[in-house]
Amino acid sequence: MSEFQLVRLALYTLTGNDASQRTALRAGFRYEGILRNYTDHRGEPRDAVFFSLIPGDLMPVSRAPDRE
6 MSEFQLVRLA
16 LYTLTGNDAS
26 QRTALRAGFR
36 YEGILRNYTD
46 HRGEPRDAVF
56 FSLIPGDLMP
66 VSRAPDRE
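Numbering (the numbering used here), first residue to last: 6 to 73.
Treat the hints as calculated values from the structure; they're not laboratory data.
Please read all numbers here as calculations on a predicted model, not as lab measurements.
Glycine included, every Cβ here is placed at the ideal spot set by N, Cα and C.
Heads up, a few of these hints could be off.
What the hints assert, rightly or not - The calculated label-pair distances, taken between Cβ atoms and stated as ranges, are: (1) Val12 to Glu49: 28 to 36 Å; (2) Gln10 to Gly48: 32 to 40 Å; (3) Pro50 to Gln10: 32 to 40 Å.
Model the full structure from these sequences, guided by the hints.
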């Protein structure tokens, strides 16, 4: 994140999108909460689950778990 001078990266999914929420958590994002009626999906107001990532949340590359 420092390469791009970002101080915060955020994402949201619609409630019920469990696969995307698990992916966000595995990628290191932290759960922040639910914003009610945050977005419109197919003409209906929908709640959104928010996640964020800040530089302090990142592990140094040398400490990252090995992947096979």
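Okay, the hints, checked on the actual structure:
{"no.": "1", "hint": "Val12 to Glu49: 28 to 36 Å", "in the structure": "holds (33 Å)"}
{"no.": "2", "hint": "Gln10 to Gly48: 32 to 40 Å", "in the structure": "holds (38 Å)"}
{"no.": "3", "hint": "Pro50 to Gln10: 32 to 40 Å", "in the structure": "holds (35 Å)"}
Hint compliance for this structure: no hint is broken.
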